[in-house]
Amino acid sequence: MAYKRIIPCMDIKDKRVVKGVGFVGLKDIENPVELGEKYYKEGSDELVFLDISASIEGRKTILDVVEDVSKKIFIPFTVGGGISSVDDMKDVIKRGADKISVNTAAFLNPELISNGAQTFGSQCITVAIDVKRIKGRDKVFIYGGTKETDVNPVNWAKYAQRLGAGEILLTSIDKDGKKSGYDIELLDNICRSVNIPVIASGGCGSKEDILEVFKKTKVTGALGASIFHYEEESISEIKKYLMKNEVMVNI
Amino acid sequence: MIGILDYNAGNISSVLNAFKYLEIDAKRIETLDEIMKMKGIVIPGVGSFPTAYKNMQKIGITKNFLNEYLKKGKILGICLGMQIMYEYGEEDGGCEGYGFFKGSVKRLESGLIVPHMGWNKVDFLSESRLIGKNKNGFNAYFAHSYIASRNGEQVKGSCLYGEGFAALIEEKNIFGVQFHPEKSGENGLRLLKKFGEICYENNSSS
Chain A
1 MAYKRIIPCM
11 DIKDKRVVKG
21 VGFVGLKDIE
31 NPVELGEKYY
41 KEGSDELVFL
51 DISASIEGRK
61 TILDVVEDVS
71 KKIFIPFTVG
81 GGISSVDDMK
91 DVIKRGADKI
101 SVNTAAFLNP
111 ELISNGAQTF
121 GSQCITVAID
131 VKRIKGRDKV
141 FIYGGTKETD
151 VNPVNWAKYA
161 QRLGAGEILL
171 TSIDKDGKKS
181 GYDIELLDNI
191 CRSVNIPVIA
201 SGGCGSKEDI
211 LEVFKKTKVT
221 GALGASIFHY
231 EEESISEIKK
241 YLMKNEVMVN
251 I
Chain B
1 MIGILDYNAG
11 NISSVLNAFK
21 YLEIDAKRIE
31 TLDEIMKMKG
41 IVIPGVGSFP
51 TAYKNMQKIG
61 ITKNFLNEYL
71 KKGKILGICL
81 GMQIMYEYGE
91 EDGGCEGYGF
101 FKGSVKRLES
111 GLIVPHMGWN
121 KVDFLSESRL
131 IGKNKNGFNA
141 YFAHSYIASR
151 NGEQVKGSCL
161 YGEGFAALIE
171 EKNIFGVQFH
181 PEKSGENGLR
191 LLKKFGEICY
201 ENNSSS
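These protein sequence lines map, in sequence, to chains A and B.
Heads up, the final residue of the first sequence is numbered 251 in the UniProt record's numbering, and it's a clean run with no missing numbers.
Heads up, the final residue of the second sequence is numbered 206 in the UniProt record's numbering, and it's a clean run with no missing numbers.
Treat the hints loosely; a few may be bogus.
Covered stretches of chain A, going by a simulated chain B footprint (3 or more residues, C-beta under 8 angstroms) [unchecked claim]:
1) 1-11
2) 120-132
3) 188-199
4) 215-225
Computed list of lysine to aspartate or glutamate pairs in DMTMM-like fashion (alpha-carbon distance at most 25 angstroms, straight line) [unchecked claim]:
5) A:K94 with B:E30
6) B:K135 with A:E246
7) A:K90 with B:E34
8) B:K27 with A:E37
9) A:K72 with B:D6
No lab work stands behind these hints: they were computed from the structure.
This one's a predicted model, so the numbers in the text were calculated from it and none came from an experiment.
Beta carbons: idealized from backbone N, C-alpha and C, even for Gly.
Based on the sequences and whatever the hints tell you, model everything.
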C-alpha cells in the first residue's frame, strides 16, 4: 500500500516564508528557496507552497519564486494562492509546479475544479478547504480565513470530489499554529465522506500528533509548518517514529 | 541531446529540471524533425489517455513514425506517457494506444482511495536496463487512477495498491514507468541518469 506522506508547508508572504497562529500574527521565517531545498534534502515526501496573501490582495502567485524552488527539489511540489483560472494553472505548472491548490477561487467558481481536472488530470488539482467551528458548527472560510461562508466542509469536499478534485487539503483554522494536534473529528468526518486522498493540516506540533492523525483517521498525508520551521522535530526522526509505530512511510 | 516532448499533456518543467540537475543535455521539443535529432525522448504526461493520444497524433506521431525513430533512438514514457504505449486505454470512453506494450490500461478498482497518490514501493520482477538487478526494489512517487497489468515478460517492476500493477516496463528501445522519476527524489534521479546513459552508449556503438 502507499506510504503515508509527510508534507512541510511554506506559507509565503512578500516572497518570504511566514507563520502565524490561527492565520494571523505572521512571523518571518526564511527564504523559500533555501527552506524548500532543506526540506527536500531532509526527506520530506512533498512540498506545499501557499502564497497566503495572493487572494486577499487580488494578485497572481509569485511565479519566479515557484520556478526557483522547483529547480532545487525533485519531489512533488504543490502551489496555491491567487490561482483563479486554467491559464493561471498553466503558468504555475510551466514554472515547475506539479499540483495546483485552489481555495477561494474554486469556492466562488467551482467550474475551475472541473476545467482544471479536464486539462491537467485530477491528480493535479488539490482543493484546499479552510474550516473554523462557529457556535459548534463547522464552516468553510475563504479569503485566507477572513471570510465566513455558510457552507459545511463535508458538503463542499463531496462536491469538489464530484467535480474532479484529486485531493483535499483540509486545514483547521482553530488549530492552526497552536501545535496542540490535528482536528481529528473534522478530518475523520471528511475522510468518511470522500474517497480521494485527504491531507491533514492545522495543529501539528509533534510526532505524536502525526501518529495520532494517521492512526485515528484515513488521511494519507500530514502537513505541518511550525513543527518543521522551528526545527522541533526532524523529518527523519518523525519517519523513524512512525515506522516504529507501524505506520508505513517512505524512508 | 534528450528531448522532452511537449504535446500539451505533461509537466515538461519538472523533467527538464531533473535533467539539468543531472547535467544531461535536454530540451523541450514539439515537432517530428526535432524528435528525429534526439538520442532519446521522454514522453511525460498528465491528463487523460484519449487527449494525450490525440495530441500526439496531431503532431504526426504515428506508430510508423515511432518505429522509425526507435531504430536508433530511445523512448521513456512517464505515467500517461507510458500508458499510451499500451494497446488500449479505458479512460474517458476508451481509446486505442500505440500498442508497443501488450494489454490495456484500466481504472484502479473501486473502494480504494483514488488517485493512488503518494510514495509506494516498486518491486523487482526481472532485470531491466533502467534499474539493473536491484532486487530490493525502491520507493517512488505515483499519481494516477489507471493501471496496466503486471503480467508479461515486458514488465520489469510492479507496485501494489489494492492489486499489483506494472510500474516499470521495457521492450527493446522503449521504456515506461508508471511512477514519476522526476519527482521520486534520489531514486528517480538515478533512473533518469541511467536512461541518459542508455541513450548515449547504444548510439555510439551502432
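Okay, the hints, checked on the actual structure:
no.	hint	result
1	1-11	holds (count 5)
2	120-132	holds (count 5)
3	188-199	holds (count 3)
4	215-225	holds (count 3)
5	A:K94 with B:E30	15 angstroms, holds
6	B:K135 with A:E246	24 angstroms, holds
7	A:K90 with B:E34	24 angstroms, holds
8	B:K27 with A:E37	24 angstroms, holds
9	A:K72 with B:D6	22 angstroms, holds
Consistency note: the structure conflicts with none of the earlier hints.
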